[in-house]
Amino acid sequence: MNGAREQILQNLRKGATPDSTRPGLPQHEDVALYRNFAPAQSNPLQTFAQKLAALKGEFYQAPDTAAAAKILRELLPAAESLPHKNKFAARHPAPLLDRICAADHWLAENVQLIEPQKISSPDFAEFSIGLTTVDFLVARTGSLVLSTTTAGGRRLSVLPPFHIAIATPAQVVISLDEALNAYHARGEAERSSYATIITGPSRTSDIEKILVLGAHGPKRLTVLVVG
Amino acid sequence: MSEFSSFLSRSASKASDDTHRWKIAKAIATYDAAVATTKANQFLDWQAARHLAAAIKNYTLENLADLLEQFESNFTARGGKIFWAATAAAAAKYVVQLAQQRQAKKIVKSKSMTTEEINLNAQLEQAGIEVRESDLGELIVQLAGEKPYHIVTPAMHKSKAEISQLFQEKLQAPPTESAEELTMIARRHLRQDYVTADIGITGANFIIADAGAISMTENEGNGRLTMACPRIHIVVAGIEKVIPRLTDLSLFLPLLATSGTGQEISCYNSIVYGPRRHDEDDGPEEMHVILLDNGRSQLYHRPHFREALRCIRCGACLNACPVFRTIGGHTYNVTYQGPIGAVISPHYNGLPQYQHLAFASSLCGACSDVCPVHIDVHHLILENRVEAVRTTRQSWPWRLAMSMFAWMMRSRQRLNLLRRLLHWSQPLLFLVPSNRRQRVPRLAAKTFAELWKENK
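Respectively, the protein sequence lines represent chains C and V. Using this note's numbering, the letters of the first sequence correspond one by one to residues 1 to 227. Using this note's numbering, the letters of the second sequence correspond one by one to residues 1 to 456.
Wrong hints could be hidden among the right ones.
[As the list claims (entries may be wrong)] Only pairs whose alpha carbons sit at most 25 angstroms apart, straight line, appear in this in silico BS3-like list of lysine-lysine:
no., chain 1, residue 1, chain 2, residue 2
1, V, Lys39, V, Lys14
2, V, Lys106, V, Lys93
3, C, Lys219, C, Lys87
4, C, Lys56, V, Lys160
5, V, Lys105, C, Lys118
6, V, Lys39, C, Lys56
7, V, Lys446, C, Lys209
8, C, Lys118, C, Lys87
9, V, Lys160, C, Lys219
10, V, Lys147, V, Lys160
11, C, Lys209, V, Lys23
12, V, Lys446, V, Lys456
13, C, Lys70, C, Lys87
14, V, Lys39, C, Lys209
15, V, Lys170, V, Lys106
16, C, Lys118, V, Lys106
17, C, Lys209, V, Lys147
18, V, Lys170, C, Lys209
19, V, Lys14, C, Lys209
20, V, Lys81, C, Lys209
[Unchecked claim] For the chain C half of the interface with chain V, some residues (derived, Cβ under 8 angstroms), not all of them:
no., residue
21, Ile8
22, Leu25
23, Tyr34
24, Ala38
25, Ile71
26, Ala108
27, Glu109
28, Ala125
29, Ser128
30, Ala182
31, Ala185
32, Ala195
33, Val212
34, His216
35, Arg220
[Unchecked claim] To give a feel for the contact side, a few chain V residues facing chain C, derived at Cβ under 7 angstroms:
no., residue
36, Glu181
37, Thr183
38, Ala228
39, Ser270
40, Ile271
Source of the hints: derived by calculation from the structure; they are not laboratory data. Glycine residues also receive a C-beta, built at the ideal position from the N, C-alpha and C atoms.
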């Protein structure tokens with residue numbers, strides 16, 4: 001606590017308009033604001049897939065965990081040319097990931113189940129692939145909402161250059177508004193100190209406005225929807 | 001030389017620099033095309049969206065003290081620390097002392113104009129602490145020993161060839177003309193810094209009152225790494241960054257991305273509620289948010305200027321401004337360049353000598369047209385201009401000329417007489433020096449009034 005606090009707050013209170021004439025806080029309805037709201041409403045998952053593809057992310061869908069394991073296995077060896085073969089792919093404990101990895105012998109052996117709190121950041125940085133779950137998929141913008149609870153902390157979804165996010169159709173929502181409302185309402189803030197809205201692989205246009213993927217975060221982002 | 005006269009000489013040299021003009025025109029043309037497409041594709045009614053954003057921000061400003069307290073109590077309840085800084089110096093001192101107490105050797109930073117405003121890097125380096133800028137554009141200007149050229153695109157003024165030259169000199173990188181290869185050089189260069197830094201410093205795009213959290217927008221992932229790996233996370237944010245509700249992000253994130261870069265929504269928007277919880281896997285052990293005033297609460301007291309605090313720093317007014325495009329970002333010599341900078345800079349602590357920026361505008365209103373929170377930027381520039389004229393003493397020839405001009409303009413007869421005099425003296429205009437950039441315009445053969453009478 002410092003004197004500046006009182007001084008700043010007092011300055012702001014002194015200058016504010018009297019209560020009676022203050023404007024109210026407007027509500028907003030996303031449906032009235034955004035053009036692509038209707039398609040997202042009629043077929044959220046399809047809209048999500050299209051948006052993600054436009055952002056240069058990859059989308060896969062599997063009817064069950066066995067099919068998901070097959071897709072995942074095909075995705076993974078393609079990345080095996082990356083360095084640090086002993087630290088190839090990492091995942092955090094989550095029932096959905098447990099089931100998929102249990103469905104395939106190769107996955108069970110090669111995808112390391114890690115406890116992030118026991119891994120130092122320099123070691124963590126050697127993993128090539130991070131597998132996480134998600135909180136929500138947002139159809140209208142093609143975004144993923146992740147929190148530390150669903151993503152195994154803050155690092156797993158950003159340090160490895162390839163991020164694979166596994167979701168279920170029930171996690172698809174139409175708008176960011178809906179996702180944030182649900183996130184706030186279920187009190188996720190009391191479990192996770194951090195949430196992030198991911199929209200496509202890491203990118204930059206800082207050099208002559210030329211789009212380059214993979215600036216500092218993952219160069220490759222794949223979403224696999226199971227069920 | 002005063003700040004004003006050096007501003008004039010910098011403007012003159014940049015305005016005639018064709019290479020600079022070409023680079024900026026190309027970058028802004030790319031930006032303009034992306035913004036137009038995204039506005040049309042994403043928004044049903046862009047005007048309605050910006051009016052709504054302005055109304056939410058007006059509510060916020062009228063209740064700013066209460067909302068800041070709401071943020072403070074929610075955020076500190078989760079173990080976050082708040083420091084209220086009345087001045088830039090107090091904010092920088094807090095960060096330097098914290099870094100020294102925690103024996104930090106290396107700090108990794110993501111892009112933050114507020115840390116530029118408090119001149120943080122220089123003070124940390126003076127204390128012997130290594131500071132690494134991690135945003136690609138910021139890294140480029142840091143390596144070049146320059147200040148950011150533009151609040152959103154810090155290295156807008158550098159070509160691929162110049163950046164390659166810089167990377168060869170400073171990072172011993174091989175020469176390349178590819179933007180992708182240059183980006184990968186920066187990626188490899190900074191990789192170790194994220195995982196070995198003791199402290200991560202970021203800005204905040206929004207302070208969310210009801211959630212007690214901050215929101216940070218970026219595209220590269222350097223911000224996420226800065227908030228994930230180091231054991232301490234420090235946020236420096238202006239007190240005006242508040243939004244009342246978490247769900248307001250669903251409007252402000254698309255607005256910011258559309259106006260800032262022409263994206264529907266930026267790649268990463270992180271919401272940080274506090275330091276790592278005891279049952280979490282990772283994250284910083286400490287999180288400090290510095291709430292910076294530095295003249296904002298003074299600006300707040302001026303009825304006309306309060307709306308300038310709605311600004312979300314998207315940079316759209318810079319890109320739209322014909323003066324910015326001509327004289328470039330560095331010429332302004334302030335943290336916040338362009339039209340919004342001309343509005344706020346003279347009011348921020350320690351910068352009254354920047355009143356002349358009010359004259360670095362054609363008052364064409366392009367800035368106000370593009371502003372996503374509907375700030376009447378060019379009228380505020382005019383307000384500053386009025387104030388500059390009232391508070392600075394003009395030279396006597398100028399005052400004499402102005403009072404004569406005013407006297408002439410007050411009567412139609414006198415104005416007609418003045419015109420006739422000027423018309424007769426036109427042959428003498430060769431005495432006035434002219435050059436490539438400026439020449440005395442010739443009077444039209446007939447006045448509008450004469451033409452009107454003839455064609456009636």
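A quick look at each hint next to the structure:
Under the criterion of a C-alpha separation no larger than 25 angstroms, the hint pairing V:Lys39 with V:Lys14 is inconsistent with the structure, at around 32 angstroms. Between the alpha carbons of V:Lys106 and V:Lys93 the distance comes to roughly 17 angstroms, so the proposed pair stays at or under 25 angstroms and holds. Restraint check for C:Lys219 and C:Lys87: satisfied, since their Cα atoms lie roughly 18 angstroms apart, inside the 25 angstroms limit. The hinted pair formed by C:Lys56 and V:Lys160 meets the criterion: a straight-line CA distance of about 24 angstroms does not exceed 25 angstroms.
Distance check on the hinted pair: V:Lys105 and C:Lys118 sit about 23 angstroms apart at the alpha-carbon level, within 25 angstroms; holds. For the suggested pair V:Lys39 and C:Lys56, the alpha carbons sit about 20 angstroms apart, so the restraint of at most 25 angstroms is met. With a C-alpha separation of about 48 angstroms, the suggested pair V:Lys446 and C:Lys209 falls outside the 25 angstroms cut-off, and the hint is violated. Proposed proximity of C:Lys118 and C:Lys87 is supported: the alpha carbons are some 14 angstroms apart, at most 25 angstroms.
Our distance criterion of 25 angstroms between C-alpha atoms is met by V:Lys160 and C:Lys219, whose separation comes to about 21 angstroms. The suggested pairing of V:Lys147 with V:Lys160 holds, with an alpha-carbon distance near 18 angstroms, which does not exceed 25 angstroms. Between C:Lys209 and V:Lys23 the alpha-carbon distance is near 10 angstroms, which keeps this suggested pair within the 25 angstroms criterion. Using a Cα cut-off of 25 angstroms, the hinted pair V:Lys446 and V:Lys456 holds, with the two alpha carbons roughly 15 angstroms apart.
The straight-line distance between the Cα atoms of C:Lys70 and C:Lys87 is roughly 21 angstroms, inside the 25 angstroms bound, and the hint therefore holds. Proposed proximity of V:Lys39 and C:Lys209 is supported: the alpha carbons are some 18 angstroms apart, at most 25 angstroms. Taking the CA atoms of V:Lys170 and V:Lys106, the gap is about 19 angstroms. The hint holds against a cut of 25 angstroms. Restraint check: the Cα-Cα separation between C:Lys118 and V:Lys106 comes to about 23 angstroms, which is no more than 25 angstroms; the hinted pair holds.
For the given pair, C:Lys209 sits about 19 angstroms from V:Lys147 by alpha-carbon distance, which is consistent with the 25 angstroms threshold. About 23 angstroms separates the Cα atoms of V:Lys170 and C:Lys209, which keeps this hinted pair within 25 angstroms; it holds. For the given pair, V:Lys14 sits about 21 angstroms from C:Lys209 by alpha-carbon distance, which is consistent with the 25 angstroms threshold. This hinted pair does not check out: V:Lys81 and C:Lys209 have alpha carbons roughly 38 angstroms apart, beyond 25 angstroms.
With its C-beta approaching chain V no nearer than about 5 angstroms, C:Ile8 sits inside the 8 angstroms limit, and its interface hint holds. The beta carbon of C:Leu25 is positioned within 8 angstroms of a beta carbon in chain V (closest approach about 5 angstroms), and the interface hint is therefore held. Look at C:Tyr34: its Cβ gets to within about 6 angstroms of chain V, closer than 8 angstroms, so that hint holds up. At a threshold of 8 angstroms, the smallest CB-CB gap from C:Ala38 to chain V is about 10 angstroms, leaving the interface hint violated.
Of the supplied interface hints, the one on C:Ile71 is violated, with its beta-carbon coming no nearer than about 25 angstroms to a beta-carbon of chain V, more than 8 angstroms. About 21 angstroms separates the beta-carbon of C:Ala108 from the nearest beta-carbon of chain V, more than 8 angstroms, and the hint is not met. At about 23 angstroms, the closest approach between the beta carbon of C:Glu109 and any beta carbon in chain V exceeds 8 angstroms, and the interface hint on this residue is violated. A least Cβ separation of about 5 angstroms between C:Ala125 and chain V falls short of the 8 angstroms threshold, and the interface hint therefore holds.
Against a cut-off of 8 angstroms between C-beta atoms, the interface hint on C:Ser128 is violated, since the closest Cβ of chain V lies about 13 angstroms away. Of the supplied interface hints, the one on C:Ala182 is violated, with its beta-carbon coming no nearer than about 10 angstroms to a beta-carbon of chain V, more than 8 angstroms. Annotation: interface hint on C:Ala185 violated; nearest CB of chain V at approximately 10 angstroms, more than 8 angstroms. Checking C:Ala195 against chain V: minimum C-beta separation of about 5 angstroms stays under 8 angstroms; hint holds.
Interface hint at C:Val212: satisfied, since its Cβ lies 4 angstroms from the closest Cβ of chain V, which is below the 8 angstroms cut-off. Against a cut-off of 8 angstroms between C-beta atoms, the interface hint on C:His216 holds, since the closest Cβ of chain V lies about 4 angstroms away. With a least beta-carbon distance of about 12 angstroms to chain V, the hint placing C:Arg220 at the interface is violated under the 8 angstroms criterion. A least Cβ separation of about 9 angstroms between V:Glu181 and chain C goes past the 7 angstroms threshold, and the interface hint is therefore violated.
For V:Thr183, the shortest C-beta to C-beta distance to chain C is roughly 4 angstroms, which falls under 7 angstroms, so the interface hint holds. Taking 7 angstroms as the C-beta cut-off, the interface hint given for V:Ala228 holds, the closest approach to chain C being about 4 angstroms. With 7 angstroms as the threshold, the beta carbon of V:Ser270 comes within range of chain C, its nearest partner Cβ sitting at about 4 angstroms, so the hint holds. Interface hint at V:Ile271: satisfied, since its Cβ lies 5 angstroms from the closest Cβ of chain C, which is below the 7 angstroms cut-off.
Taken one by one, the earlier hints fail for this structure at numbers 1, 7, 20, 24, 25, 26, 27, 29, 30, 31, 35, 36, listed in ascending order.
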